[in-house]
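Asker: Starting from the structure of chain A, add chain B where the hints point.
First to last, the sequence lines map onto chains A and B.
Positions 1 to 265 (the numbering used here) are the ones given, in order, by the first sequence.
Positions 1 to 265 (the numbering used here) are the ones given, in order, by the second sequence.
There are no misleading hints in this set.
Just so you have them, the derived chain B footprint on chain A, three or more residues with Cβ under 8 Å: (1) 48 to 58; (2) 94 to 102; (3) 137 to 149; (4) 202 to 212.
For the record, the hints were derived by calculation from the structure and aren't laboratory data.
Ideal placement from N, C-alpha and C gives every residue a C-beta, glycine not left out.
There are 2 protein chains.
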Amino acid sequence: MSPHGDKSDAAEEALVAETEKRPISTILIVIAMQTEALPVVNKFNLTEDPDSVFPKGVPWIRYHGFYKDLHINLVWPGKDSSLGVDSVGTVSASLVTYAAIQALQPDLIINAGTAGGFKAKGAGIGDVYLACDVAYHDRRIPIPVFDLYGVGLRQASVSPNLQKELNLKIGKLSTGNSLDMSPQDEASIVANDATIKDMEGAAVAYVADLLKVPIIFVKAVTDVVDGEKPTAEEFLQNLSAVTAALEEKVTQVIEFINGKCLSDL
Amino acid sequence: MSPHGDKSDAAEEALVAETEKRPISTILIVIAMQTEALPVVNKFNLTEDPDSVFPKGVPWIRYHGFYKDLHINLVWPGKDSSLGVDSVGTVSASLVTYAAIQALQPDLIINAGTAGGFKAKGAGIGDVYLACDVAYHDRRIPIPVFDLYGVGLRQASVSPNLQKELNLKIGKLSTGNSLDMSPQDEASIVANDATIKDMEGAAVAYVADLLKVPIIFVKAVTDVVDGEKPTAEEFLQNLSAVTAALEEKVTQVIEFINGKCLSDL
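Next up, chain A with everything else stripped away, as it sits in the complex:
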């Protein structure tokens, strides 16, 4: 199932080096919610795939199109087939990322979406962050080494040029499957030194790392986790406005990437 399956390690290393110096061609944008995805879909006139690259029966949706030198693919896990809500969280995000990498062989992944932010770490509503690393805050396995596996720390492409040119904030991202934050989650988020909190990032990073695809995280703050308002209320209130800020930054990221090699990021 791998395009490199029959190559030796040396040949593969050479291929990786070559890929680094070749202009980025195919990008995969992974977004968890339709409301977050549609502004980007509309901006780049992406169209829904009539012949899905995914197996029959799964709700996952791929939009794609061409912009300048890029083949842009945007996937979201779709609506839950029985409940009709967006298939948020780590399991759906990891599955659709895995299946999309297998089908599309992207040069680069962009995981874009909304996030909670911590004002104690400088985050405010509408801020857009580039995550420098990601980890989980809801996988507590108190057995030596398993504890580190549970945290699942992964580095993201730090992209200093990208950060400088787009004037994005930089922060650590922590991921868990709950929208709220329990005291145990909070302790893990503090241990992760996180500025922003989402429900998918660490899982998308895990899959990208497994299949050796570089990844960038672009996350826009919809709610202040350590603020006065309840998260769910603030999240729903700001979701639509903040996705506009997200679309704007994703557009700038795509403009920046166009014509560049991975080694230029």
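Answerer: Frame of chain A, contents of chain B only:
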């Protein structure tokens, strides 16, 4: 990517009905830990796949072999490539289940493994349960309908004949990514009315449901969650002995399945 991708819904329904009446041929056993997997691998003389059906670079391992009328496939997510511990939890389990279903098209999935049990619900160390339904206890999304999506309740194949013949206990299974149990987890487990608690079941059930493969859960109790001893200590102490009980019951399940149709279970 689907074998039924070009068939109409009516033709597919006919195919499902036909499959129900055909003897079960290919089974997929999904197990999270090597210690849990190896007794079953040895019992059925399963061998590791020299040409992996999985992409290059992933740690997932498939053992397979033939026993009576069955093609037995056992997959486990393997050791984390940087940390060397078993890749436990929902993300790895969902990915390896998805990839194995795509590659092997099994008639039936058996998710076998160890679990915590609640003595208040009648569970004791070494008990082996057949789960009647599964849900998550660590996906709290306090927005209407998203809350139900978070719980992610799925029915398992209840298999009354199997339960009667093998004298298995029946109980509800609750899944979360932590080995321990926070007060929030506990409240959700009570709401789920769960007798046993694991770290993969609901995610494996989600993938099986997405791709319409029937699933059975066989879970052996390694630790009493509402008992005196700390979970991690009790889990490690009992892991090896309890996996023997698990192997015995999985063997009985396989003997029972052999020659039967899905509709006989």
